[in-house]
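Listed below, chain by chain, are the residues.
2 protein chains.
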Amino acid sequence: MIQKLIKRIVKTDAPVVVGLDPMLSYIPPFLLEKAFSEQGETLEGAAQAVWEYNKGLVDSFCDLVPAVKPQIAMYEQFGLPGLAVYKKTVDYCHEKGLIVIGDVKRGDIGSTSAAYAAAHLGRVQVGSRSCPVFDEDFATVNPYLGTDGIQPFLDVCGQEGKGIFVLAKTSNPSSGEFQDRLIDGRPLYELVGEKIASWGSGLMEDGYSEVGAVVGATYPEVGKVLRELMPHTFILVPGYGAQGGKGSDLKVFFHQDGLGALVNSSRGIIAAWKQEKYAPSSPEGYGEAARKAVLDMTADLRAARFS
Amino acid sequence: MIQKLIKRIVKTDAPVVVGLDPMLSYIPPFLLEKAFSEQGETLEGAAQAVWEYNKGLVDSFCDLVPAVKPQIAMYEQFGLPGLAVYKKTVDYCHEKGLIVIGDVKRGDIGSTSAAYAAAHLGRVQVGSRSCPVFDEDFATVNPYLGTDGIQPFLDVCGQEGKGIFVLAKTSNPSSGEFQDRLIDGRPLYELVGEKIASWGSGLMEDGYSEVGAVVGATYPEVGKVLRELMPHTFILVPGYGAQGGKGSDLKVFFHQDGLGALVNSSRGIIAAWKQEKYAPSSPEGYGEAARKAVLDMTADLRAARFS
Numbered sequence: 001m002i003q004k005l006i007k008r009i010v011k012t013d014a015p016v017v018v019g020l021d022p023m024l025s026y027i028p029p030f031l032l033e034k035a036f037s038e039q040g041e042t043l044e045g046a047a048q049a050v051w052e053y054n055k056g057l058v059d060s061f062c063d064l065v066p067a068v069k070p071q072i073a074m075y076e077q078f079g080l081p082g083l084a085v086y087k088k089t090v091d092y093c094h095e096k097g098l099i100v101i102g103d104v105k106r107g108d109i110g111s112t113s114a115a116y117a118a119a120h121l122g123r124v125q126v127g128s129r130s131c132p133v134f135d136e137d138f139a140t141v142n143p144y145l146g147t148d149g150i151q152p153f154l155d156v157c158g159q160e161g162k163g164i165f166v167l168a169k170t171s172n173p174s175s176g177e178f179q180d181r182l183i184d185g186r187p188l189y190e191l192v193g194e195k196i197a198s199w200g201s202g203l204m205e206d207g208y209s210e211v212g213a214v215v216g217a218t219y220p221e222v223g224k225v226l227r228e229l230m231p232h233t234f235i236l237v238p239g240y241g242a243q244g245g246k247g248s249d250l251k252v253f254f255h256q257d258g259l260g261a262l263v264n265s266s267r268g269i270i271a272a273w274k275q276e277k278y279a280p281s282s283p284e285g286y287g288e289a290a291r292k293a294v295l296d297m298t299a300d301l302r303a304a305r306f307s
Numbered sequence: 001m002i003q004k005l006i007k008r009i010v011k012t013d014a015p016v017v018v019g020l021d022p023m024l025s026y027i028p029p030f031l032l033e034k035a036f037s038e039q040g041e042t043l044e045g046a047a048q049a050v051w052e053y054n055k056g057l058v059d060s061f062c063d064l065v066p067a068v069k070p071q072i073a074m075y076e077q078f079g080l081p082g083l084a085v086y087k088k089t090v091d092y093c094h095e096k097g098l099i100v101i102g103d104v105k106r107g108d109i110g111s112t113s114a115a116y117a118a119a120h121l122g123r124v125q126v127g128s129r130s131c132p133v134f135d136e137d138f139a140t141v142n143p144y145l146g147t148d149g150i151q152p153f154l155d156v157c158g159q160e161g162k163g164i165f166v167l168a169k170t171s172n173p174s175s176g177e178f179q180d181r182l183i184d185g186r187p188l189y190e191l192v193g194e195k196i197a198s199w200g201s202g203l204m205e206d207g208y209s210e211v212g213a214v215v216g217a218t219y220p221e222v223g224k225v226l227r228e229l230m231p232h233t234f235i236l237v238p239g240y241g242a243q244g245g246k247g248s249d250l251k252v253f254f255h256q257d258g259l260g261a262l263v264n265s266s267r268g269i270i271a272a273w274k275q276e277k278y279a280p281s282s283p284e285g286y287g288e289a290a291r292k293a294v295l296d297m298t299a300d301l302r303a304a305r306f307s
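First to last, the protein sequences are chains A and B.
Counting with my numbering, you get residues 1 to 307 for the letters of the first sequence.
Counting with my numbering, you get residues 1 to 307 for the letters of the second sequence.
Derived from the structure by calculation, the hints contain no laboratory data.
Cβ atoms here follow ideal geometry from the backbone N, Cα and C, with glycine treated the same way.
There may be inaccurate statements among the hints.
As the list claims (entries may be wrong) - Output of the computed footprint for chain A on chain B, the stretches with three or more beta carbons under 8 Å from beta carbons of chain A:
1. 43-54
2. 75-84
3. 113-126
4. 181-191
To be verified - Label pairs and their in silico Cβ distance ranges:
5. 38/B - 132/A: 36 to 46 Å
6. 151/A - 244/B: 27 to 37 Å
7. 184/B - 198/A: 22 to 32 Å
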């Protein structure tokens, strides 16, 4: 899957992934009103609004970017109707030719991780049939439980030709509390980075492994270290834009050929219509606003990568 | 919620939580056959089998234990029908008077953790209405992202009178890979333990906080250290039985009054019917087998706690 992702990045010339993290406050009021009038102020109503909003967004930028990253928490908060829209969004993005990174941050002991891996990347055996479930292309995974919590994901990646991105250094302010602590003189995120490289060593395809790493845009100095430490690891970089990461800081996450990293923006794109800069002339223009924000982000990153 | 849990533990004299982690291989064939004949070998069929199995289990032991711990991965692997059964199981256990610990191991950056906290312990705002979602009593949480990933859970626990159990030292063989690494001469799990104690300090109720810790039964020496380091923290102890933890090792997880810990067993109870010792005379007896296994586990722990 990593080579499929790289091909799309090269084709779009955009190492950009759009985070489909639909807070209700990002959704234009006309969509909320329509959904609530049809379904009431219920989980079903919220889910319908999210679905229509997502559809408009994806239609607006699907030719510009290689991938989307739906954050499952934003769907899980609307219960079963929300999770049904998560699945519908995954399928719709696939129809539109997008690669889907399920931002699920799952991770548990072995037998439980095996269930998560089946749920998100593989198939589950039911009697004599093996059934696909959520069926994303990549999933994000938490490393706190160590190798035996990761192995079931590696097994499924090998069988299904899919990939994972493992959290190394997250973009949030408190990420250093544990991740930066020194172990034998080196921060924990470096140890995790080394493990990520080793977990990926059996899943290599043309110079990159199916096991990527998550490293926040908000910590470019860490990105520089981990880029060198894990030369064959693709880096998923959250935290651009609304969380504070700037294009000019991100060069260090890329190799000299401009590959090796994929930068996520969520709010900055999907809620672009709320910014004065992108304010649309009619409420229906929220997709057009997102499209403009994608183009600006792509230009910003292009300048940074080859500066 | 922690005091409600303690009251039930005292009433049942059983510091036991049953892990409702339904693998299809644990479900008696007659239930699978019935479900598959009605729904086919589909996610719906699997979910129906899980639901009927769970109902029989819960009916068999609900008077003996204070709590259950459904592992959401085992439901998520069956997609939306599986997650519908997760919710149905949570509600059914509540009807039967059980406390429900959602073993979800969620954890993310602040705004995302807020969505998970709403989904599992709180309510989500939809227009003018605030809707409960999965509505467990406790949830398990991963600490890797640090305080700002935990804070939204603390906020919801404060508002709703609920609780969390944060992973400190997990029961799996690889847990030491990161969790045991020394930082200033002390293992990471101790640092996490200290944070857990401090996260709970604002949510105290009669000597215990709403913020518990997960410490694996398979590492009693760690349990001893963490029991002393976090005197006001309730410890959820997975790994008893099938994973290798023995009652006689578990005394160290408890305070001298026999409180302070809750021991989980999953396979050892819910798949007890597969053990020769508990083999039922008819297939429908799987619940009775589970009941016997609960009684044996309770006796084993009772002996250990006060030995």
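Here is what the structure says about each hint:
1. Counting residues of the stretch 43-54 of chain B whose CB lies closer than 8 Å to any CB of chain A gives 3, which reaches the minimum of 3, so the coverage claim holds.
2. For a cut-off of 8 Å, the count of residues in the stretch 75-84 of chain B with a CB near a CB of chain A stands at 7, and the three-residue condition holds.
3. Counting residues of the stretch 113-126 of chain B whose C-beta sits closer than 8 Å to any C-beta of chain A gives 8, which meets the bar of three, so the coverage hint holds.
4. For a cut-off of 8 Å, the count of residues in the stretch 181-191 of chain B with a CB near a CB of chain A stands at 6, and the three-residue condition holds.
5. In this structure the hint that residue 38/B and residue 132/A lie 36 to 46 Å apart at CB is violated, the actual value being about 22 Å.
6. The hinted window of 27 to 37 Å between residue 151/A and residue 244/B is violated, with their beta carbons roughly 18 Å apart.
7. The supplied range of 22 to 32 Å is met by residue 184/B and residue 198/A, whose beta-carbon atoms lie about 26 Å from each other.
Checked against the numbered hints listed earlier, the structure breaks hints 5 and 6; every other hint is satisfied.
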